[in-house]
Amino acid sequence: MAIILTESEAKALLQKVLSYSKADECEVNLLGEERGNLRYARNEVSTSGSLINKNLVVQSAFGKKVGVATIDEFDDASLEKVVRRSEELAQLAPENPEYVGVLGPQQYMKSNGFFDSTATVTPDKRAEAVDKSLQLSRAAKLTAAGFLEDQYGYNAMMNSKGLFAYYPSTNVNFTLTVRTPDSKGSGYVARGYSDVSKLDTAAATQIAMQKAQGSAEARAIEPGKYTVILEPTAAVVLLENIFYNMDARSADEGRSYFSKSGGKSRLGDKIVDERVTIYSDPANADLPASPWSGDGRPQEKTMWIEKGVVKNLSYSRYWAQKQGKKAVPNPNNIIMTGGTASLEDMIKSTQRGILVTKLWYIREVDPQTILLTGLTRDGTFYIENGKIKFPVKNFRFNESPVIMLNNLETLGKPERVLSTESNQSYLIPPMKIREFTFTSLSDAV
Amino acid sequence: MNRRDFNQLIGMGAAGILLPSLPAFSRNVSPESFLESGVDVATKKRLADAALNAAKSKGATYTDVRIGRYLNQFVVTREDKVQNIVNTESYGVGVRVIADGCWGFAAVVDAKSEADTAKAAEKAVAIAKANARLMKEPVQLAPQKGYGEVSWKAPIKKNAFEVPIKEKVDLLMEVNASALKNGANYVNSVLFMVNEQKYFASTDGTYADQDIHRIWPTFTVTAIDPKTGKFETRNTLSSPMGMGYEYLQVNPSDKVTGITTRYNMGYDMLEDVTAAAKQARAKHSAKSVEAGKYDLVLDPSHLWLTIHESVGHPLELDRVLGYEANFAGTSFATLDKWQSKNFNYGSKQVNLIADKTQVGSLGAVGWDDEGVKTKQWDLVKDGTLVNYQAIRDQVHIIGEKESQGCCYADNWGSVQFQRMANVSLAAGKTPLSVQEMIKDVKKGIYIIGDGSFSIDQQRYNFQFGGQLFYEIKNGEIVGMLKDVAYQSNTQEFWNSCAQVCDEKDYRLGGSFFDGKGQPSQSSAVSHGSSTTRFNGVNVINTARKI
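Quick note, the sequences are listed as chains S and C, same order. Position 88, counted from 1, in the first sequence is what my numbering calls 88; the numbers after and before it change by one each time, with no gaps. If you want my numbering, it's the position in the second sequence, counting the first as 1, plus 1000.
Some hints here could point you the wrong way.
[Unchecked claim] Listed next, the stretches of chain C that the computed footprint assigns to chain S, with coverage defined by at least 3 CB atoms under 8 Å from CB atoms of chain S: (1) 1037-1044; (2) 1408-1418; (3) 1452-1458; (4) 1538-1544.
[Claimed, not checked] Not the full set, but computed from the structure, chain S residues with beta-carbon under 7 Å of chain C: (5) 44; (6) 77; (7) 260; (8) 377; (9) 400.
Hints in this document: simulated from the structure, not taken from any laboratory. Please read these numbers as outputs of a predicted model, since none were measured by experiment. All C-beta atoms, glycine included, are put in the ideal place defined by N, C-alpha and C.
Chain C on its own, in the form it takes in the complex (with noise of 0.2 Å):
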């Protein structure tokens, strides 16, 4: 499911000529039916040999297999009506081989006798075989040992499935009535929840069993200026989270207090859109942004995605290779640049890290969707491009012996590709506070929460908006400030970052729907970042008058 059809789903978005869908193959059930545990490890295991033994038949030199069974609820409402409450369930297994030295791929739903399993293992076969007469080179796979029969579990306190659909109803409609007593005319607020239980086995005899949640707190409140018909909206400042219903239980620790209240690994509903109605209502008398150049104090709920779109993307080396040109594009990060060894991807205060094991990040797990065990490595240091994100049939082109363990499927049904860690800029060593920060500034704007973002397929060329803007003047924040969008240029753009403030205000952003990929997938991935300051980028004013 992508960003639009989500959006069209919980009817947050535009009205489109597309009729909303659900998550493939997923079904309505009852909530109950979630807590049902579903199929028990030993059956799992036995159906995934089945595939592996049926694969290695017909002629396969590599086969992994993915049982998985996704739940996800949805809670979507607006102002005092449940607009909506989805529950689906998804379960099937998907087969992934090697055979001739070409990849197959097919996937089956419901998969619950052998005979099933053994039969998709087949097709996939055959279809490696079809496929094997357009390849001229074979793939190369990097070794893997096996792990033997393992578990990993997301570190949750509680899981967001218990907790009765009334409880978030009503915490919803808390959150809504109070959005409409402090300003705003409209408010959209959804509760979604996501829990992915993957059992993986592979020839190379790893059998990894895991259980993964995510849940998103999310609203847009609408404020209209009934005298000019003008309506201005203020989103969420929470973070998708790698977390269970523990996110929304928040403690005094988890607030950063300043302008506007942000959160860390707690989040504050109803404080949250309290503010954002008052908010929203503020930005119809916000001074219109002056174009010019700024210097730019951007907060971790804004930053994470400039980090995302700029760091993440162009680093993945199936991009930089060119697999990705039909579609989501390659990168300016080519292999001359990584192998030169002296590419300034930012100035010196920059460091980029990649991490699949981060607690509470989207992105963490105990082993990639091909048994490879996940870790933590760089990206850039000290503002130097050293390596990029790959996968076992990618490694060897940058001279690693095993992969970094990013490879991700959304679903059984989805073929596994490379998919994007969690990537973070690493918080600044010398201890620097947001105030201590601003007081430096002389003309600048300080940007909190995500908005409006766009780049180009080789990853140069950006523009974002955000939530919220505040102008800054010799070191004071003088008001708030509205139609603003910055754009630059990744190199320069980083190359620009002056300063990084300290790990105690390091938080996580994040996104619920990273798109790639022909069938498009998913996936959900954070990025962390502290307060961190950009000199001179480019401010636009996007006012229109029509």
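Extracted from the complex, chain S is given alone in its bound form (with noise of 0.2 Å):
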């Protein structure tokens, strides 16, 4: 059988696995997927990649009590013996109160996030991308370090109670680090799509050279409070620090930044600036995710921040049913509105502050008021009267996600971004933020 089923051979497959169910309720989650890399240094290649992966798991439940067993083999023998012990589990386990069912039959919005271009990827074809790179670099002189990944699959899942969901997927991110030989300049890029027609690895490579290129002797300046300009893949990391805290479990319970005191939530406060506006749609067409939760749950289009108001906390199921309210599930993407400003005209209206192209190592200091540490990294810059003058010094800083974003000058033009940090695509603009916290200098480059 193929790595990748369609959506009837899924279908077909799904529907075999439950016709041996005898328990209460039973729910598969089935999975396949194929994956590649090439990664490369010092102008070289590295090490490479190549992996196939399916899985199929049953969960089957006899009232409260839950066992889930997986497989990867399809045959029709494996296939109901893998039902049966997820049964035998289920008798052997304790009572699970938080268990809550399986979901009826859902309706699901339509996303495209399968790309064939991606799909056919071979290891000649990555070869290529990344020659592509390489020669810029060897030609300029410049250092190399970089990684190629891309993966294509699906998704599917059918309970007992009607219940059918499939969704494939492909994916493929490029990053690549580029430093001059003396070690004084470095610049990165980070590049994610689901369509690998956009990937264009050459484009990418000149935009860290000329970073590298621009970074080098880079001078001291004193640490404090500036102006920054963030491109997007220096916000997103610290942003994301905001989303994972948006848990209606963790802020009810006290426990969080999101929690207030007397047992309440910052669900319907304004948080930050009214020009912050952060919602998920798995419908995007630059950012496409999959309409379906891992439990099955539809993902709508839903306002997480709007106008600097918290509208929504994520819920489990069962939290969602003991508080009374709608079980909105952790997203599949995020996008962040912006505004139309583009990155030259936010360092034009900046009469002194620091543009900074990337963060590193971000790390939560105290949950309670998301006060993030970390530093800058690869193309850090000085500007002066609406001009970059010259390169600087990394800084290590201690700022809050929140405070930056009630501190808030601009927003540019949202594009989709890679976070270094958690590997995910988002939607983010580019910010002007006032009274950023740098704490210390990093002779790092």
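Put the two chains together into one complex, using the hints given.
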């Protein structure tokens, strides 16, 4: 059997699995995927890999006793065996008071995240794309280290109440660091797409090369509070720490930034500048995502923060039932609206500030305020009177993205960006922020 | 699996938008199946030989084969509930070759036949040849003698997979109940157990069969102040260990008493959580630190992470050379500093040792993942940088004739590369207790347990938090502090090292999830030290008002 099944093949397989079930409820999740990668450093290929994976997970429930079993062989005997195994484990399990049963049939939005171009990438095509990048860095006598990874596959699920879901997807990520031979300059670029035909490794390489050359001979300036312009690659690694905290249960329990005294949450509160609007939408053409969550809940277009106000927190089905709320699942993508300013416009309107192109090693220092620490990396520049004057040495910062979004000056045009911390893609604008807190200097290049 | 995936899987992290993912290619199994023996050694040799021969016939000049069975069990609870019991098993084969001077790698799940492993070998050769056209310099592999058919087993006393799930659940329920009784509003607790059964074969003539065990009991307690709406947490003071279930069967000699009890080769989870609940509550009324310079007294439960980030990582030769430039970064400890033979990494008190053999450590094995017998070696001697951590295709660069044996892959499906050995600070040679050390400190902070951590990509500038902070004034501990983090620079910090307690205080800390590489791989590594004093370190206050 093929690794990547069509919708009708997946449906037929899942129906067969459910036909073996004797439990009160049964739910089956199925996936198949192929991945390939090519890694290079010091202008040479270093490692490469190719992986094939398929998996079927059966969850059986008797009342509130739940068992899960998994298998990667799909012949009839194996399928029946995995169903029996999950039933045996369920009979042995203690009751799970938080089990709320499986969902009935659902309606899902349409979302196209599968591109043949990406699904047909071969080792030769990968080598060709990397070759385009290497030729440029070698010719310029700069040193490149990069990583190209592509993936295609599908997820499907079906349960004994008649729910069926199927979603095929493709993805390609390309990241590159270019350094000057004396290690005094370093530049970075990251690109992530569903459709590999949008990936231009040569154009991306030019950007990293330009930043490497431009960041050499950086000068030290005093740490302190500065107006900063964050390119989307820098902004996203701060913002995603807000998203990670938007869980209703932690907020209701009093142990998150989204908690308030007296057992309340910040749902409905204005927490950031009114120009901040953040939502999820699986059908977004620039950032397609699965229209269903892993437990079969539909992913709808959902406002998380609208005009600075918290509109939704995510709920497990159990917690939503307990609190009498709508069970809004964790989103599968995140989009932040922006303004019309270009990065150049933002630089031009800055009297004194710092252009930050990338941030690194982000860690939460205080969950109460989402205070984060980390450092600038791979190209940080001083701006004066509307112009980039010179590269500056890297800074460590201690700042909360919530405080940062209250100190908002300008939002630029959103673009698709790959988080260097989580490897997830987002649509995020560049942003100008006042009084961003840098606490010390680093000699790192 | 990285730290964030793990946190989400066990429900201890903040809610994320990523769905939790299990280790690559693993499948859920019953706990009883952990006790079934995997593929027998004779079969593994046959499967490996098929791959070695197939690669050779396609033109490979070197081949190694790793046949791995990876068992994981996590028991995840909160308050009075078992949230999850996860049992996973992953079995497969990874084949790495050099052909036309270039590396190639291919892996296959559930390989049971010689045809399966031969096919993976052929694919690895094809990939090597496709990529060879991008190579300017062929791979130089240090020669390695073959050891024939050998084996190594971690010296555990009680296999954690033989302990019934019920016993583990009962322990965690007792732990949680004690936390709630002693002032915690919430408690999350987890037992995490790993068994790696790995078989390595190479064209050098080594066939090594190894059995590795790891365990990590861990928890977080949360105490909320309803008046202010603030919350405080305290995490476990346990360490992940290369041990069996005996780590949880504690002897009095495993305990280090003092301002709070800390643990050595045995861990009393019930005692620790009881203290943790009270301490999380006490943090609400602790004094917020005044920013400034302090002498720091760092407990081994804290210092391991500073050693890991500021010594272990910068002395990885692949980083120094630029192989990790695109992700984890490079290193300030460049070759010229090592060649000078007088680079002061730290003060004279600082002796840092790499070791792949230390009993009970997470990094201990008999042979590494490219067939090199493991050993111990100096990295920093009397404060001077003397060596790095390297593998077979790099050692020629530092003039060594053989690899130091720190090659590792986190799964059969991942390609092996240079990973950190256990890197530890040697105990002080002069007798010195923690009490004696504190007695001499005028203005200081005593830090226990690891907290928030961040360091730049060349490992100069870092910032660390902790779990417990105690103010020292004129040789006495005067009370608890909060909102503490220290910032320093690696060379400056290690040169401010004034005193190291003696070997009686030596303990291991460590990480289950050290991430590196693209695609990212996890490795487990230990770091030992005794309590150590660093003078005049910059401390910041991390409290903010929103």
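Checklist line | Satisfaction of the residue 260 of chain S interface hint, Cβ to chain C closer than 7 Å | finding: 6 Å, holds
Checklist line | 8 Å C-beta test of the segment 1452-1458 of chain C against chain S, three or more residues | finding: Result for this restraint: holds, n = 7.
Item checked: Interface restraint verdict for residue 400 of chain S against chain C (beta-carbon cut-off 7 Å) -> With Cβ-Cβ at 6 Å, under 7 Å, it holds.
Next item on the list: Please count how many residues of the segment 1408-1418 of chain C have a CB within 8 Å of a CB from chain S and say whether that reaches 3.
Entry: As far as the segment 1408-1418 of chain C goes, the hint holds, because 4 residues have Cβ atoms under 8 Å from chain S.
Check: Does residue 44 of chain S meet its interface restraint, that is, does its C-beta lie within less than 7 Å of any C-beta in chain C?
Finding: 6 Å, holds
Notebook entry, point to check: Per the CB criterion, is residue 377 of chain S less than 7 Å away from chain C?
Noted result: 6 Å, holds
Checklist line | Interface hint compliance - residue 77 of chain S to chain C, C-beta minimum distance less than 7 Å | finding: 15 Å, violated
Margin query: At least three residues with a C-beta closer than 8 Å to a C-beta of chain S: is that true for the segment 1037-1044 of chain C?
Written below: violated (count 0)
Notebook entry, point to check: Counting residues of the segment 1538-1544 of chain C whose CB is closer than 8 Å to a CB in chain S, do you get three or more?
Noted result: holds (count 5)
The earlier numbered hints that this structure contradicts are 1 and 6.
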